[in-house]
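> Spelled out, the chains give:
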Amino acid sequence: MKLQSRHLIGLEGVSADEISLILDTAVSFREIIERPIKKVPTLRGITVLNLFYEPSTRTKISFELAEKRLSADSITFTKAMSSVKKGETLKDTVRNIEAMKINMVVVRHGSSGVPYFLTQCMDSNIINAGDGSHEHPTQALLDMFTIRQKYGKLKGLRVVLIGDVKHSRVVRSNIWGLKTMGCSVAVCGPSTLQPYEVEKFGVDVYTDLDEALDGADVVNIMRIQLERQQSGFLATQREYTNLFGVTAERLKLLNKNYTVMHPGPMNRGVEITPEIADGKSSVILEQVTNGQAVRMAVLYLLSGKREDGE
Amino acid sequence: MKKQIYDLVIKDGRVIDPALGFGHVAHLFIKDGKIAKIENDNISSRKKIDSMPDENVIDAAGKIVMPGLIDMHVHLREPGREDEETIVSGCQAAAAGGFTTVCCMPNTDPAIDNQETVKFVLSRAELADARVYVVGAVSKMLKGEELSEIGDLVKAGAVAISDDGGYVQNPQLMRNALEYASMFNIPIISHAEDDFLCKDGVMNESFQSTRLGMKGRPAVGEVIAVLRDIKLCELVGGRLHIAHVSTAGAVEAIRLAKADCVDVTAEVCPQHFCLTDDMIGEKFDTNLRVNPPIRTKADIDAIIKGLVDGTIDCIASDHAPHAEEEKDVEFDQAPPGMIGLQTTVGLVKTYLIDKGYLSWADAIRKMTQNPARILNLPVGTLKVDSPADITIIDSDKKWTVKKNDFRSKSKNSPFVGWKLSGKVSHTILGGRVVYDGK
Amino acid sequence: MPKDKIETVLDKKGINRAITRISHEILERNNGAESLVIIGILTRGADIAKRIASKIKEIESVDIPVGLMDINLYRDDVHQKLDQPIIQRTEIHFDVVDRNLILVDDVLYTGRTIRAALDQIVDFGRPRSIQLAVIIDRGHRELPIRPDYVGKNIPTSKDDRVMVKLSERDEDDSVLIEKSGLKADEKTPAKMKDGVKKTAAKPQKRKGGKTK
Chain A
1 MKLQSRHLIG
11 LEGVSADEIS
21 LILDTAVSFR
31 EIIERPIKKV
41 PTLRGITVLN
51 LFYEPSTRTK
61 ISFELAEKRL
71 SADSITFTKA
81 MSSVKKGETL
91 KDTVRNIEAM
101 KINMVVVRHG
111 SSGVPYFLTQ
121 CMDSNIINAG
131 DGSHEHPTQA
141 LLDMFTIRQK
151 YGKLKGLRVV
161 LIGDVKHSRV
171 VRSNIWGLKT
181 MGCSVAVCGP
191 STLQPYEVEK
201 FGVDVYTDLD
211 EALDGADVVN
221 IMRIQLERQQ
231 SGFLATQREY
241 TNLFGVTAER
251 LKLLNKNYTV
261 MHPGPMNRGV
271 EITPEIADGK
281 SSVILEQVTN
291 GQAVRMAVLY
301 LLSGKREDGE
Chain Y
1 MKKQIYDLVI
11 KDGRVIDPAL
21 GFGHVAHLFI
31 KDGKIAKIEN
41 DNISSRKKID
51 SMPDENVIDA
61 AGKIVMPGLI
71 DMHVHLREPG
81 REDEETIVSG
91 CQAAAAGGFT
101 TVCCMPNTDP
111 AIDNQETVKF
121 VLSRAELADA
131 RVYVVGAVSK
141 MLKGEELSEI
151 GDLVKAGAVA
161 ISDDGGYVQN
171 PQLMRNALEY
181 ASMFNIPIIS
191 HAEDDFLCKD
201 GVMNESFQST
211 RLGMKGRPAV
221 GEVIAVLRDI
231 KLCELVGGRL
241 HIAHVSTAGA
251 VEAIRLAKAD
261 CVDVTAEVCP
271 QHFCLTDDMI
281 GEKFDTNLRV
291 NPPIRTKADI
301 DAIIKGLVDG
311 TIDCIASDHA
321 PHAEEEKDVE
331 FDQAPPGMIG
341 LQTTVGLVKT
351 YLIDKGYLSW
361 ADAIRKMTQN
371 PARILNLPVG
381 TLKVDSPADI
391 TIIDSDKKWT
401 VKKNDFRSKS
411 KNSPFVGWKL
421 SGKVSHTILG
431 GRVVYDGK
Chain H
1 MPKDKIETVL
11 DKKGINRAIT
21 RISHEILERN
31 NGAESLVIIG
41 ILTRGADIAK
51 RIASKIKEIE
61 SVDIPVGLMD
71 INLYRDDVHQ
81 KLDQPIIQRT
91 EIHFDVVDRN
101 LILVDDVLYT
111 GRTIRAALDQ
121 IVDFGRPRSI
131 QLAVIIDRGH
141 RELPIRPDYV
151 GKNIPTSKDD
161 RVMVKLSERD
171 EDDSVLIEKS
181 GLKADEKTPA
191 KMKDGVKKTA
201 AKPQKRKGGK
211 TK
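From first to last, the protein sequence lines stand for chains A, Y and H. All residue numbers for the first sequence refer to my numbering, where the first residue is 1 and numbers rise by one. All residue numbers for the second sequence refer to my numbering, where the first residue is 1 and numbers rise by one. All residue numbers for the third sequence refer to my numbering, where the first residue is 1 and numbers rise by one.
Source of the hints: derived by calculation from the structure; they are not laboratory data. Values in this document were obtained by computation on a predicted structure and should not be read as measured data. Backbone N, C-alpha and C fix where the C-beta goes; we use that ideal spot for every residue, glycine too. Take these hints with a grain of salt, some might be off.
To be verified - Result set (EDC-like, lysine to aspartate or glutamate): computed pairs, CA atoms no more than 16 Å apart in a straight line: (1) A/91 - Y/328; (2) Y/215 - A/197; (3) A/38 - H/123; (4) A/200 - Y/278; (5) A/91 - Y/194; (6) A/91 - Y/285; (7) Y/215 - Y/194; (8) A/91 - Y/354; (9) A/38 - H/91; (10) A/91 - Y/326; (11) A/39 - H/171; (12) A/2 - H/83.
As the list claims (entries may be wrong) - Only part of the chain H face toward chain A is listed, based on derived beta-carbon distances under 8 Å: (13) 70; (14) 78; (15) 83; (16) 87; (17) 88; (18) 89; (19) 90; (20) 118; (21) 119; (22) 123.
Unchecked claim - Listed next, the stretches of chain A that the computed footprint assigns to chain H, with coverage defined by at least 3 CB atoms under 8 Å from CB atoms of chain H: (23) 27 to 40; (24) 297 to 304.
My request is simple: use the sequences and hints to build the entire structure.
Encoded structure:
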């Protein structure tokens with residue numbers, strides 16, 4: 001078994017076997033994180049560029065740690081979006097950096113399609129760390145890893161994704177991945193934040209949180225961006241919390257052995273109550289730890305696949 | 001030696017001129033830059049041809065000879081972005097694409113919202129390889145706030161007004177523009193997309209935009225804009241022309257308005273009958289970013305129906321050159337627009353004529369007689385004494401769109417690599433051969 | 001090209017005898033089992049490690065901690081392959097510091113696997129000693145590594161394939177050698193393939209391997 005592509009652009013089109021390979025490999029890397037010396041020499045000589053055109057804390061740190069734990073040389077380049085418009089183009093920037101002989105690029109960008117764009121102008125392996133509202137494959141992989149870790153399987157589980165479905169790349173990658181792995185997927189959020197024809201993803205669509213939670217195994221709560229109010233998508237934070245805030249009371253509707261997830265950063269008291277976030281069913285911190293293992297697995301599996309087939 | 005009676009003859013071509021209702025093999029004689037006569041093949045016409053020197057005879061056997069095509073919607077970028085296109089280079093592209101007349105939109109820098117700029121454009125066009133007619137601005141600097149000096153623009157030569165590139169958002173201003181323009185009997189060309197619904201949208205709103213996580217421009221944004229303009233036109237009169245119709249809803253709105261005798265006409269562009277939004281996710285090709293956006297199969301079907309039943313009057317390219325470095329960026333940061341002067345004929349032949357939707361006569365009408373009528377242009381026909389603007393098309397010739405063959409200064413076409421049927425073999429402007437297929 | 005021939009080098013009994021002997025030797029050399037830990041290299045080295053541990057338990061009635069180790073992340077050829085080897089889970093749930101660590105693999109060949117394993121062990125801590133036990137030593141070392149306990153030394157050509165079969169994952173216990181048809185001298189060196197130990201060189205004189 002091997003990965004078909006030398007890049008990880010998204011989970012759309014990635015087969016169940018490939019996802020399983022990544023998750024299985026991540027299990028082995030998860031153990032390394034628990035060792036006294038959390039480092040293996042595997043990617044010695046490989047240089048990884050973390051290209052972050054959008055602010056990010058945990059994804060950036062998670063990738064940086066994953067790279068260091070694999071002994072890759074890594075550098076991180078952050079650039080505010082505002083300065084991009086004028087001046088050097090993205091293509092020039094990445095080509096210049098690639099001329100310094102890098103091997104892999106981890107990219108986050110506010111525009112959908114940028115990771116694909118980079119595959120067309122660079123020889124490096126490209127890993128998508130979030131592009132616009134398109135995909136965020138490593139987040140979805142770590143979510144699936146965390147679910148599988150708890151239940152020992154993915155197939156047959158009912159996963160509900162709650163929040164701003166329209167603008168969430170995490171939701172999209174989760175939908176593709178979970179569907180491929182045989183989960184039953186539902187999305188729930190205000191109808192203004194459900195994208196056009198979202199049901200064509202093959203998911204159940206809810207605007208009533210209680211209905212969505214009924215019979216679910218996993219509830220994955222997305223961050224709600226409060227600035228959505230200004231764009232007219234939301235009335236008030238208060239109303240959002242009343243309608244879509246996940247509380248202990250509401251979680252009674254879930255299956256017994258339920259799991260609460262959140263990709264972070266959380267707005268405590270808005271989309272999730274502190275009681276739930278810190279509760280015994282929450283795997284939110286475990287997600288963060290698993291994120292490293294999953295990213296190590298992705299870096300490792302892709303690093304063997306070069307342009308020249310070497 | 002006997003003096004030449006004719007300067008040029010095009011022999012043995014199938015001459016199609018919808019304006020004349022003409023459609024069979026004939027010889028076309030040209031003198032002093034004008035159509036001198038069309039004659040059927042007989043001993044006398046054969047004799048005339050035989051008496052002419054070879055270099056003055058174009059053999060159009062097996063080809064279609066038509067009035068020089070009119071593209072009523074192009075962006076020539078001059079003044080302001082001469083790096084992307086100039087009037088001269090744009091007209092060279094027009095000639096190579098079979099167009100002898102183009103109408104240029106006013107969103108230049110400075111905008112064509114005053115007499116001086118109209119005159120500048122017309123003076124630059126004097127020696128170009130196509131006739132250029134100017135579309136002036138509806139509002140000063142295309143800002144949608146105050147009317148431009150429409151009377152002055154018309155006096156300087158403008159044949160229509162438009163704020164193309166954007167919609168006239170303010171309905172009161174649009175109402176005034178329709179009323180005001182009717183004094184000069186010129187149409188208002190409306191780029192009908194509601195700003196509030198389409199703001200920041202980079203592609204059609206559909207499952208594809210949902211899948212790619214891109215901000216969508218909903219079809220209803222066009223439909224609402226078209227309906228508003230139709231209702232205003234119905235109310236105050238004036239002539240309304242809807243540019244680049246892209247949605248089934250807009251086609252239907254225009255069909256109903258025409259049935260209600262509203263003075264509305266419409267055009268479509270090849271991208272809206274050849275391309276669908278699911279192509280964007282394949283390669284995020286920024287050349288597929290255009291406003292209004294490429295839509296769905298259902299919209300294409302409706303547009304074709306509109307073309308067939310006459311709801312859609314014209315086919316235009318919306319030729320919109322953009323510099324390579326501006327298109328070679330993130331999808332949502334690329335400016336909207338694609339070039340089209342050199343691909344329109346091939347796309348019309350391949351996607352409308354070959355598929356049996358339109359006859360050559362229908363297609364030619366939508367690129368000659370109809371735009372000439374709407375804009376009141378003295379071209380678009382082979383009537384005797386008209387300017388000898390002629391396009392000859394090698395109807396079944398297969399060809400591949402190549403980037404290097406574009407005469408436009410910009411190469412932003414999503415059709416590069418496409419295999420098309422129907423190639424321009426000659427373009428003649430006022431009796432002068434401006435393109436001969438080489 | 002003549003057909004490759006498969007020979008049996010060790011049968012079930014032979015393997016069992018080798019494991020029994022190695023277990024005794026380990027105990028003898030380390031004065032019992034108190035200080036011992038065993039780590040087997042995945043996949044079949046780990047199986048053998050478990051067998052040695054249970055044999056030692058038979059003899060001394062002591063439970064020795066057994067760990068499993070995947071060494072692929074420490075390989076020196078990891079970027080020379082088009083596809084990355086699948087990583088299995090390393091499980092070492094004990095402290096290796098100051099223990100006599102018995103490292104177990106099925107076949108000792110170039111020594112590169114053992115080099116990787118040694119590097120990895122050091123990342124877990126500093127054992128008092130590391131001793132190497134293998135079922136087969138087939139020669140052709142490329143690094144200065146020698147085993148402390150050997151089931152059987154067998155001469156091979158680099159193009160031969162040595163296959164250790166264990167009932168844990170194969171139909172039965174046996175060690176087979178698939179002789180390449182050509183004479184060894186005519187061979188050109190071939191690349192070492194993952195999982196199957198195979199290369200080319202002269203029919204060797206055995207060296208290295210410490211035998212009893």
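> Check whether the Cα positions of residue 38 of chain A and residue 123 of chain H lie no farther apart than 16 Å.
holds (8 Å)
> Could you check if residue 87 of chain H really has its C-beta closer than 8 Å to a C-beta on chain A?
Constraint on residue 87 of chain H satisfied, holds at 4 Å.
> Three or more residues of the segment 27 to 40 of chain A near chain H by CB distance under 8 Å?
holds (count 10)
> Holds or violated: residue 91 of chain A and residue 354 of chain Y, Cα atoms, limit 16 Å.
violated (40 Å)
> Regarding the pair residue 91 of chain A and residue 194 of chain Y, is the alpha-carbon distance no greater than 16 Å?
violated (33 Å)
> Hinted pair, alpha-carbon criterion (16 Å max): residue 91 of chain A, residue 328 of chain Y. Please report holds or violated.
Holds. Residue 91 of chain A to residue 328 of chain Y sits at ~8 Å (cutoff 16 Å).
> Hint check: residue 215 of chain Y vs residue 194 of chain Y, CA-CA at most 16 Å. Holds or violated?
Roughly 15 Å between the alpha carbons, so the hint for residue 215 of chain Y and residue 194 of chain Y holds.
> Quick one, are residue 200 of chain A and residue 278 of chain Y close enough, alpha carbons at most 16 Å?
holds (14 Å)
> Quick one, is the residue 70 of chain H hint okay against chain A at 8 Å, beta carbons?
Holds: closest Cβ of chain A sits about 6 Å from residue 70 of chain H, inside 8 Å.
> Under the criterion of a CB-CB separation shorter than 8 Å, is residue 119 of chain H in contact with chain A as hinted?
This hint holds: residue 119 of chain H lies near chain A, its Cβ roughly 7 Å from the closest one there, short of 8 Å.
> Is residue 91 of chain A close enough to residue 285 of chain Y, meaning Cα to Cα at most 16 Å?
Holds: residue 91 of chain A and residue 285 of chain Y sit about 14 Å apart, inside 16 Å.
> A closest beta-carbon separation below 8 Å is what the hint needs, so does residue 88 of chain H meet it against chain A?
holds (6 Å)
The structure fails to meet hints 5, 8, 11, 20 from the earlier list, while all remaining hints are met.
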